[in-house]
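Student: So the chains spell out like this:
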Amino acid sequence: MKTLITTILLICSVAFTFAQNGDYSAQLEASVKKLDQARSVADFQALEKTFVQVGNAQKTEWLPYYYAAFCNAKAGFLLQDDGEKIEPYSVRGEAQIKKSESLAKGDSKVLAEIYVVQAMIYRTKVFISPMTMGRQFGPLSDQFLKKAQKLDAVNPRAIYLEAWTKYYTPKLWGGDKDLAKELAGKAIQKLPATAFSVMPHWGKTESEALLK
Amino acid sequence: MISNAFKTKLILIAGSLLFALAAGAQTRINGEVTGPLGEAVPGAQVRIKGSPSGTMADSLGKFDFVTTRRGSQTLVVSSLGFKTHQQTLTVADSTLTLSITLDDAANTLEAVTVSAGSFEASDKAKGASLTPIDAYTVAGNGGDISNALRSLPGAQQVGEREGLFVRGGTSDETRMFVDGTLMKNPNYASVPGIMQPARINLFLFKGVLFNTGGYSALYGQAMSSALILESIDLPEKSSANFSVFPSNLGAGFQHLSKSARSSYGGGIAYSNQRLYNQVVPQHPDYYHGPEYTSANVNIRFKTGKTGMLKGYVAFAQSNIGVRNADTDSASLRSDFRLKNPNTYGTISYRTDLGTNWRLVAGMAYAFDKNRIHNRVLSGGDEPIVLPHAPFSTKNSDITLRSHFAQGRAVLTRSFERNQAFRFGGETFYFHDVQHYNGNAATLRDQLSAVFMEGDIHLGEHVAFRPGLRAEYSSLLRKAVVAPRASLGYRLATGSQLNLAYGVFYQKPENRYLFENRHIGFSRSEHYVLNYSKKANNRFFRTEVYYKKYKNLVRTFPDITLSGDGYAKGLELFWRDKKTVRNLDYWVTYTYLDTKRNYLDYPESIRPSFTSPHTFTIAVKRFFQGIATNVNVSYSYAAGRPYYDIRASGDAGTRIYDSGTARPYNVLNLHVSKMMTFFKKSKFKDYSGFAFGANNILGTKQVFGYNYAYNGNFKTPITLPAKRFYFIGVFMSLGIDRTEDLLDQNQ
Chain A
1 MKTLITTILL
11 ICSVAFTFAQ
21 NGDYSAQLEA
31 SVKKLDQARS
41 VADFQALEKT
51 FVQVGNAQKT
61 EWLPYYYAAF
71 CNAKAGFLLQ
81 DDGEKIEPYS
91 VRGEAQIKKS
101 ESLAKGDSKV
111 LAEIYVVQAM
121 IYRTKVFISP
131 MTMGRQFGPL
141 SDQFLKKAQK
151 LDAVNPRAIY
161 LEAWTKYYTP
171 KLWGGDKDLA
181 KELAGKAIQK
191 LPATAFSVMP
201 HWGKTESEAL
211 LK
Chain B
1 MISNAFKTKL
11 ILIAGSLLFA
21 LAAGAQTRIN
31 GEVTGPLGEA
41 VPGAQVRIKG
51 SPSGTMADSL
61 GKFDFVTTRR
71 GSQTLVVSSL
81 GFKTHQQTLT
91 VADSTLTLSI
101 TLDDAANTLE
111 AVTVSAGSFE
121 ASDKAKGASL
131 TPIDAYTVAG
141 NGGDISNALR
151 SLPGAQQVGE
161 REGLFVRGGT
171 SDETRMFVDG
181 TLMKNPNYAS
191 VPGIMQPARI
201 NLFLFKGVLF
211 NTGGYSALYG
221 QAMSSALILE
231 SIDLPEKSSA
241 NFSVFPSNLG
251 AGFQHLSKSA
261 RSSYGGGIAY
271 SNQRLYNQVV
281 PQHPDYYHGP
291 EYTSANVNIR
301 FKTGKTGMLK
311 GYVAFAQSNI
321 GVRNADTDSA
331 SLRSDFRLKN
341 PNTYGTISYR
351 TDLGTNWRLV
361 AGMAYAFDKN
371 RIHNRVLSGG
381 DEPIVLPHAP
391 FSTKNSDITL
401 RSHFAQGRAV
411 LTRSFERNQA
421 FRFGGETFYF
431 HDVQHYNGNA
441 ATLRDQLSAV
451 FMEGDIHLGE
461 HVAFRPGLRA
471 EYSSLLRKAV
481 VAPRASLGYR
491 LATGSQLNLA
501 YGVFYQKPEN
511 RYLFENRHIG
521 FSRSEHYVLN
531 YSKKANNRFF
541 RTEVYYKKYK
551 NLVRTFPDIT
561 LSGDGYAKGL
571 ELFWRDKKTV
581 RNLDYWVTYT
591 YLDTKRNYLD
601 YPESIRPSFT
611 SPHTFTIAVK
621 RFFQGIATNV
631 NVSYSYAAGR
641 PYYDIRASGD
651 AGTRIYDSGT
661 ARPYNVLNLH
671 VSKMMTFFKK
681 SKFKDYSGFA
691 FGANNILGTK
701 QVFGYNYAYN
711 GNFKTPITLP
721 AKRFYFIGVF
731 MSLGIDRTED
741 LLDQNQ
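First to last, the protein sequences are chains A and B.
Going left to right, the first sequence walks through residues 1 to 212 as full-length UniProt numbering numbers them.
Going left to right, the second sequence walks through residues 1 to 746 as full-length UniProt numbering numbers them.
Mixed in with the good hints, there may be bad ones.
Stated by the list, open to error - Lysine-lysine pairs mimicking DSSO-like chemistry, simulated, CA-CA at most 27 Å apart: (1) B/Lys-679 / A/Lys-181; (2) A/Lys-147 / B/Lys-673; (3) A/Lys-166 / B/Lys-673; (4) A/Lys-34 / A/Lys-59; (5) B/Lys-700 / A/Lys-166; (6) A/Lys-49 / B/Lys-126.
These are computed hints drawn from the structure, not numbers from a lab.
Keep in mind it's a predicted model, so treat the numbers as computed, not measured.
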């Protein structure tokens, strides 16, 4: 009898949940794996949508919004010579990273990750029009990078972004290509070669690009 | 112990439940609708495309409905303010639970705005749209906004005179407005044949709207073009700056209060070309200056939450003495002496009144004194009096004193989706006193205007801006009504079609009014069609227009308003910041077909200040490694017509001689290197070193000819010197104003 009821309940519950979206961590893991392979604006654009979906289904996790914002930041960096085209990415990215921060619950290592992406988002705003937006968003970007480094001095992504900034800032305003390369090398060293995890681990390709 | 009957019942219930799920006619679809960041979208419409199945999400964005459809279906989710979402579903027997994220509509499309006839350079510019700095850094502009804008389509290259000659109009048909009020004398008073610099510092402005046709009903008294400038609010921080170019010295400061709610500042500049003219010989013989002295102060306050009050007062004076060969006699010279002190003050105020209303008000005052002496000089440069024509009229003393005051207020009521209704009024007071060889004449005019304008969105892609303006002049004793309208139609993201129409009235210039005060307004009518596309740091724009002039001033035999004319043309603009990294260039082409019958013209002819084809290119490149900016500009204008028009025997005038001057060809270069002198100091300095040359190829420019009174000789009107050079250093403490300083001193 017991078996019968169990069987019926099991059949029913399977029937009910069959169409449910796959579980959160599986989806997140799959998306992050895809993100590790993403290269083009289209890749990041598609992944951003997925991360937002994953985030909205759960609503309490900082990581999906963090990745969505990161996708927007990457799209902005890839489009840096395209001016106004970057704006929608910057706007969405800024909202997503702020959302992510509000869910991060004050973990300083996590906040450091978030601020790095936030600094990148503000950098994309500078790309829209360096002349008109650079004065406001350039310093803001630097400020968030400093905040990130204060929370986690050895965060490799923060080191990478510092390297990027040093690389592309004119010498007159404190740019230094040699120092940039040194920092990029340091960022790569700090990146762990451990097993896959959904936690932020990007930065290798980006840092290597600066060393070329 | 459970009975068999109960068992059977249970199995039946479970079986029927399964049957309903597996083979049943209906499938449940449920889930929730969220915005981009997971916030609930209450009231969203959820339905299966092409079927009556659907529902509305509840206050938490949750929905739940059943459908009888099977197989591949399209789910449509929509809500106001969000982009409609479509997704394909495979509807089978099991319940579908969905989490749907809608995108903000605002992120995908900005509100469409009307932009026919105008070029905007704003500090909010994105991509390849112009910023004020872009306009100011065109090589060879000499720190003059009008000159800077000559590299944009619609403007003519008129090398012997300041101001903007737009689409067949004279420079008097372009008016400059600062925060709404008229800036009556933007340049130092004219000297025949020599372009005069601007009085006002370019860097006071954060927004420049150069309208070459069909401008807003908020402005008037300009038949061709309105140059609408918006001054900066508070500075970013306190700063001081200095510049030393051998013939131009300048210093200024800005002080921002600790609360960052108010600031004050000032500046002085002195320029004397005398030394320069000794090194680089000038063709007219300058025996005084040219000397330009200016000083200004400004004060700015934030008032309340949204209010901003700004005041600016400036004094500027030119002092020039030149001698030229006389056009009528090889043995004589003519002497032109000018002293032009000018005081200009303006106050502007703006504030929100509640959530939907906004007030913008302004006042301006200007006093301009223009004192000119003309003398005939003997071979030994002694003034002489010759009692016969044409020399008898060549000795003159003219003093013009012009008082000008204006008050203006505009109220805006804003509505949803960027719609608005604006209305307001303004009044101008003009008081001009002319002394001509001791004879005084006075003109007084109170010119008042009321206006209204609406921004209406006809659907998502169409913006319409109708306007109406009524003006009355107490001097002319005439009232006129000028309708205006423009329309913007967005074709796709970044590309737009614009239309504009307008009627524009303008008071004739004072020199004619002194002789006939009640003649009335001159009138022009504009029709403008414009297409623009902005994308990926590139900007393309083309415009065609037709302009009709009526009631232009005729001076022969009497001063009347019987003149007329037309202008039509095609203009192209292309800017590209993308193709080459760190290189920014724009190219323009202006085609102009215009004729008018006015002043002493005997018939309808092409005016001498117009060229049928104008081509300009402005190139800027920043060399990052050496922190150096190189700006180059090149302009070409097909030869302008010139005429010898004099009275003929039969009470009319005749063209005794005419021709086409050689084409205008000018290449300007401007190089600036940025550096820091005091690396260790507490105050970081942004300094630099700049040099440049105008007309670097030394091309001989002929703008037209001055004829002798009997037509026997003609003297070319050309540049005072083949080339113009400048070199100097500048320094700014506290704030990066390197670009600014560079351009004031070109």
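Student: So, for every hint listed, does it hold in this structure?
Tutor: Hint-by-hint comparison with the structure:
1. B/Lys-679 / A/Lys-181: The given pair, whose Cα atoms are some 24 Å apart, holds under the 27 Å limit.
2. A/Lys-147 / B/Lys-673: With a Cα-Cα distance of about 33 Å, the restraint between A/Lys-147 and B/Lys-673 is violated, given a limit of 27 Å.
3. A/Lys-166 / B/Lys-673: At roughly 21 Å apart (the allowed maximum being 27 Å), B/Lys-673 and A/Lys-166 satisfy the hint.
4. A/Lys-34 / A/Lys-59: Judged against 27 Å, a Cα distance of about 22 Å means the pair holds.
5. B/Lys-700 / A/Lys-166: Violated, because 48 Å separates the two Cα atoms, which is more than 27 Å.
6. A/Lys-49 / B/Lys-126: holds, 25 Å
Hints 2, 5 from the earlier list are contradicted by this structure; the remaining hints agree with it.
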